[in-house]
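J.: Residue numbers (our numbering), protein chains in the order written: chain A, 1 to 107; chain B, 1 to 118.
No lab work stands behind these hints: they were computed from the structure.
Model, not experiment: these values are computed from the prediction.
Positions of the beta carbon are idealized from the N, C-alpha and C atoms, including for glycine.
Treat the hints loosely; a few may be bogus.
Below, computed lysine-lysine pairings styled on PhoX-like, alpha-carbon distance capped at 25 Å [stated by the list, open to error]:
no.	chain 1	residue 1	chain 2	residue 2
1	A	LYS42	B	LYS23
2	A	LYS42	A	LYS103
3	B	LYS61	B	LYS23
4	A	LYS107	A	LYS42
5	A	LYS39	B	LYS61
6	B	LYS12	B	LYS65
7	A	LYS103	A	LYS39
8	B	LYS61	A	LYS107
9	B	LYS23	B	LYS12
Which stretches of chain B does chain A cover? Using the computed rule of at least three CB atoms under 8 Å from a CB of chain A, they are [unchecked claim]:
no.	segment
10	5-12
11	59-68
12	71-77
If the Cβ cut is set under 10 Å, some of the chain A residues that face chain B in the computed set are [what the hints assert, rightly or not]:
no.	residue
13	ASP1
14	ALA13
15	TYR36
16	GLN38
17	LYS39
18	GLY41
19	GLU55
20	PHE62
21	SER63
22	PHE83
23	GLN89
24	PHE94
25	THR97
26	GLY99
27	GLY101
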Amino acid sequence: DIQMTQSPSSLSASVGDRVSITCRASQSIGTWLAWYQQKPGKAPNLLIYTASNLESGVSSRFSGSGFGTEFTLTISSLQPDDFATYYCQHYNSFPYTFGQGTKLEIK
Amino acid sequence: QVQLVQSGAEVKQPGASVRVSCKASGYTFSAYNRHIHWVRQAPGQGLEWMGWINPNTGGTKYAQKFQGRVTMTRDTSISTAYMDLSRLISDDTAIYYCAREVSGFDSWGQGTLVTVSS
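Construct the complete structure from the given sequences, taking the supplied hints into account.
T.: Below, the structure is given as structure tokens:
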């Protein structure tokens, strides 16, 4: 199985900051990677697919990059609504697996 | 718009089985490459992929952890997918989500809380 490791596990930042979250795969997954945002009590919401494509309706403050085993989600100019938990997920092969999550908190 | 609507919360005793349904609307349920996945989230924990069903063919793939305890089916006449989990234990207490895969999981159900308690 492909393991997905996110870093950091938690992150404190201020409104207006630029932040990045890293996701590493235990083997190459090409660009078969998605990023999700989850708020308490809600289902996850797709932000980025195939590593760098912005899902329709998602703010352009979110961007993704990477290929192979290392990927990054960047949020430019944090807004209050961005404080949430973020997950990466590969869909290269079964079983699809998620990273453990990164909780983004207000400093 | 695409919607996945799940069945309501369940409370089950250890050893029992549970069925969660996921009714799709706003798109052709059995269209090519519109697979339905099931993901669960234990209280305060991360997301765990359970398995997949192809609504067109009925084909399934399950995570090794759930093999022998989970069954995913669908009824195309009512655009509904089902996830059955048997021999429940307390660690199965979680919110269970269905999600549609296009590229990544672009639509999710609202979640169904399954509580396993004696």
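J.: Decide, hint by hint, whether the structure agrees.
T.: Checked hints:
Distance check on the hinted pair: LYS42/A and LYS23/B sit about 18 Å apart at the alpha-carbon level, within 25 Å; holds. Taking the CA atoms of LYS42/A and LYS103/A, the gap is near 15 Å; set against the 25 Å cutoff, the hint holds. Under the criterion of a C-alpha separation no larger than 25 Å, the hint pairing LYS61/B with LYS23/B is consistent with the structure, at around 20 Å. For the hint linking LYS107/A to LYS42/A, the alpha-carbon distance of about 23 Å falls within 25 Å, and the restraint holds.
Distance check on the hinted pair: LYS39/A and LYS61/B sit about 28 Å apart at the alpha-carbon level, beyond 25 Å; violated. In summary, the hint linking LYS12/B to LYS65/B is supported, as the alpha carbons are separated by about 20 Å, within the 25 Å threshold. Between the alpha carbons of LYS103/A and LYS39/A the distance comes to roughly 10 Å, so the proposed pair stays at or under 25 Å and holds. A hinted pair counts as satisfied when its Cα atoms are at most 25 Å apart, and LYS61/B with LYS107/A does not qualify at roughly 42 Å.
For a cut-off of 25 Å, the pair hint linking LYS23/B to LYS12/B stands: about 22 Å separates their Cα positions. Under the rule that three or more residues need a Cβ within less than 8 Å of chain A, the assignment of the segment 5-12 of chain B is violated, with 0 such residues. With a cut-off of 8 Å between beta carbons, the segment 59-68 of chain B has 3 residues touching chain A; three or more are needed, and the interface restraint holds. Check result for the segment 71-77 of chain B against chain A: violated, 0 residues qualifying (beta carbon to beta carbon below 8 Å, three or more required).
Hint status for ASP1/A: holds, given a least beta-carbon distance of 8 Å to chain B, under 10 Å. The beta carbon of ALA13/A comes no nearer than 21 Å to any beta carbon in chain B, farther than 10 Å, and the hint placing it at the interface is violated. Among the interface hints, the one on TYR36/A holds; its C-beta lies about 7 Å from the nearest C-beta in chain B, closer than the 10 Å criterion. Taking 10 Å as the C-beta contact cut-off toward chain B, the hint placing GLN38/A at the interface holds, the least distance being around 8 Å.
Residue-level restraint check for LYS39/A is violated (minimum Cβ-Cβ distance to chain B is 12 Å; threshold 10 Å). Because the beta carbon of GLY41/A sits about 9 Å from the nearest beta carbon in chain B, less than 10 Å, this interface hint is met. Because the beta carbon of GLU55/A sits about 7 Å from the nearest beta carbon in chain B, less than 10 Å, this interface hint is met. Interface hint at PHE62/A: violated, since its Cβ lies 13 Å from the closest Cβ of chain B, which is beyond the 10 Å cut-off.
Against a cut-off of 10 Å between C-beta atoms, the interface hint on SER63/A is violated, since the closest Cβ of chain B lies about 15 Å away. The beta carbon of PHE83/A is not positioned within 10 Å of any beta carbon in chain B (closest approach about 17 Å), and the interface hint is therefore violated. Interface hint at GLN89/A: satisfied, since its Cβ lies 7 Å from the closest Cβ of chain B, which is below the 10 Å cut-off. Interface hint at PHE94/A: satisfied, since its Cβ lies 5 Å from the closest Cβ of chain B, which is below the 10 Å cut-off.
Of the supplied interface hints, the one on THR97/A holds, with its beta-carbon coming within about 6 Å of a beta-carbon of chain B, less than 10 Å. With its C-beta approaching chain B no nearer than about 8 Å, GLY99/A sits inside the 10 Å limit, and its interface hint holds. Annotation: interface hint on GLY101/A holds; nearest CB of chain B at approximately 5 Å, less than 10 Å.
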